[in-house]
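Number of protein chains: 2
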Amino acid sequence: MKRKILITNDDGIYSSGIIASYQALKDMGEIYIVAPAVQRSGVGRSISLMEPVRVSEVVLNTEDRIRGYAVDGTPADSVLIAVHEIIGEVPDLVVSGINLGENVSTEAVLTSGTVGAAFEAATHGSMTVAISLEVSMKDKFADMFDFMNRAGEMDYSLCIDVLRNLAKILLERGFPVGVDVLNVNIPSKWNGKVAFTRLAKRLYLTRIDTRKDPRGRIYYWLDGDEVEDDEEGTDLHALRRGYISITPLSLDNTSKESLESVKRWFYEIC
Amino acid sequence: MKRKILITNDDGIYSSGIIASYQALKDMGEIYIVAPAVQRSGVGRSISLMEPVRVSEVVLNTEDRIRGYAVDGTPADSVLIAVHEIIGEVPDLVVSGINLGENVSTEAVLTSGTVGAAFEAATHGSMTVAISLEVSMKDKFADMFDFMNRAGEMDYSLCIDVLRNLAKILLERGFPVGVDVLNVNIPSKWNGKVAFTRLAKRLYLTRIDTRKDPRGRIYYWLDGDEVEDDEEGTDLHALRRGYISITPLSLDNTSKESLESVKRWFYEIC
Chain A
1 MKRKILITND
11 DGIYSSGIIA
21 SYQALKDMGE
31 IYIVAPAVQR
41 SGVGRSISLM
51 EPVRVSEVVL
61 NTEDRIRGYA
71 VDGTPADSVL
81 IAVHEIIGEV
91 PDLVVSGINL
101 GENVSTEAVL
111 TSGTVGAAFE
121 AATHGSMTVA
131 ISLEVSMKDK
141 FADMFDFMNR
151 AGEMDYSLCI
161 DVLRNLAKIL
171 LERGFPVGVD
181 VLNVNIPSKW
191 NGKVAFTRLA
201 KRLYLTRIDT
211 RKDPRGRIYY
221 WLDGDEVEDD
231 EEGTDLHALR
241 RGYISITPLS
251 LDNTSKESLE
261 SVKRWFYEIC
Chain B
1 MKRKILITND
11 DGIYSSGIIA
21 SYQALKDMGE
31 IYIVAPAVQR
41 SGVGRSISLM
51 EPVRVSEVVL
61 NTEDRIRGYA
71 VDGTPADSVL
81 IAVHEIIGEV
91 PDLVVSGINL
101 GENVSTEAVL
111 TSGTVGAAFE
121 AATHGSMTVA
131 ISLEVSMKDK
141 FADMFDFMNR
151 AGEMDYSLCI
161 DVLRNLAKIL
171 LERGFPVGVD
181 VLNVNIPSKW
191 NGKVAFTRLA
201 KRLYLTRIDT
211 RKDPRGRIYY
221 WLDGDEVEDD
231 EEGTDLHALR
241 RGYISITPLS
251 LDNTSKESLE
261 SVKRWFYEIC
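So the protein sequences, as listed, match chains A and B.
Under the working numbering, the letters of the first sequence match residues 1 to 270, in that order.
Under the working numbering, the letters of the second sequence match residues 1 to 270, in that order.
One or more hints might be untrue.
No copy is singled out in the list; a pair is fine if it fits within one copy or between any two copies.
To be verified - Listed below are the simulated EDC-like cross-link pairs for lysine to aspartate or glutamate, each with C-alpha atoms no more than 20 Å apart in a straight line:
| # | residue 1 | residue 2 |
| --- | --- | --- |
| 1 | 256 | 231 |
| 2 | 201 | 252 |
| 3 | 212 | 85 |
| 4 | 193 | 260 |
| 5 | 263 | 63 |
These are calculated hints, taken from the structure and not from any lab test.
Work out the full structure, taking the sequences as your base and the hints as a guide.
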């Protein structure tokens, strides 16, 4: 029986990263591409509760007849629609990406739509990989607004190699025990090595950019500068030094090691 | 020096739960209320990257002269705006809630705006409590659309007692080590006891409700039935049995215990 593989992202269904994932995975099973109709970065694992969701079948590449489904919703919505309506079952493997722009640190993991979609898929029991390519913000937004011209320019070759090898291993051997999502970040300039990492705590020092509209009313842009560096062993540290970074993620934010100490802390006080 | 306390939520600034938190905390420091202008449930720790954010000062209760700031954005946006623009520094304590409706399980923690705001605050270094009240969905949505009439009907008395006691302990003794957020759920009918819990894996078995619009085009509502029950030790299990559930949460989704085994798994294969 052919393996079922779902590809999704948060850059929107027309991002060139979707086609790169397709190129990596096309020979490994039945491929479904289901992703937000437009860019939905920063939405984490948001799901649409307050509004209905629509879906349209779209042609992504006429040459190779690649078709996909554009979801008028979030990345996590896309996974839910794919599982329940389009595939009709839980896929064997879900790949979220290739995201244009890294997803490193606890901040990215909790706000990234790429990782949010991966968490949603992992909850359903799929083997799940989130994969992101380190690019400059300039490249990222250029790609979003001018993707057709730029799709050929972005160099996904290392991403495609890594994703193909990883997917092959996972489909043959299964997922490592105790892991819900493998979060993979590909450096813009590879040093030839792979690092298994933990999440850095922060990536940005947030900042607010205050402006006035033409009617003189204040509005804000959320912004931030990247933190200078980070300690050894983290995804941020590894990626900036040219390593492919692989971080095993858990869905469970329970602070397990402090559960007992919290009990003691509470009962000593009360 | 007076302690600075931020109250936020994801039910929107006009939810009666905000006033309940204010009643619990008003004598403990300088209170700031900053929350989304409208209900933003299910948005997790989303931040607004693609659109600017506006803020309006609003009067929440003329009798007690309670004022707040309505943010045209997400709960996490509200925390960022509060820290950088309204308070101008990191508050000592951030309370997200009282949310109308429980926030239990890994699903809720990764999708809840209540917990999302708490994660954002914890990243800045505040002591942070997310607090939610078990209510029926009917009550929850009635409150949103008819809050002025219903605010007096919702019984927040236990929430207020718990929050007041917990905040007092935290401001005197500091936050338990190794914890980023305390996720507190208050049962609709209390059994008189407190349970320290881990997150249940799931809360809902998701389902899609397919409909046709007046023009015959299909659209979807994301929906789900609650899982039957859960194993002992989880927040879901405790809450359903009438316990106040307190779960220590970590911002860090690294699957620490499997990091070494993933390395071995990978190198054995490659």
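Here's how the hints hold up against the structure:
no.	hint	result
1	256 x 231	between (23 Å within a copy, 16 Å between copies)
2	201 x 252	both (17 Å within a copy, 7 Å between copies)
3	212 x 85	between (45 Å within a copy, 15 Å between copies)
4	193 x 260	between (39 Å within a copy, 17 Å between copies)
5	263 x 63	neither (61 Å within a copy, 40 Å between copies)
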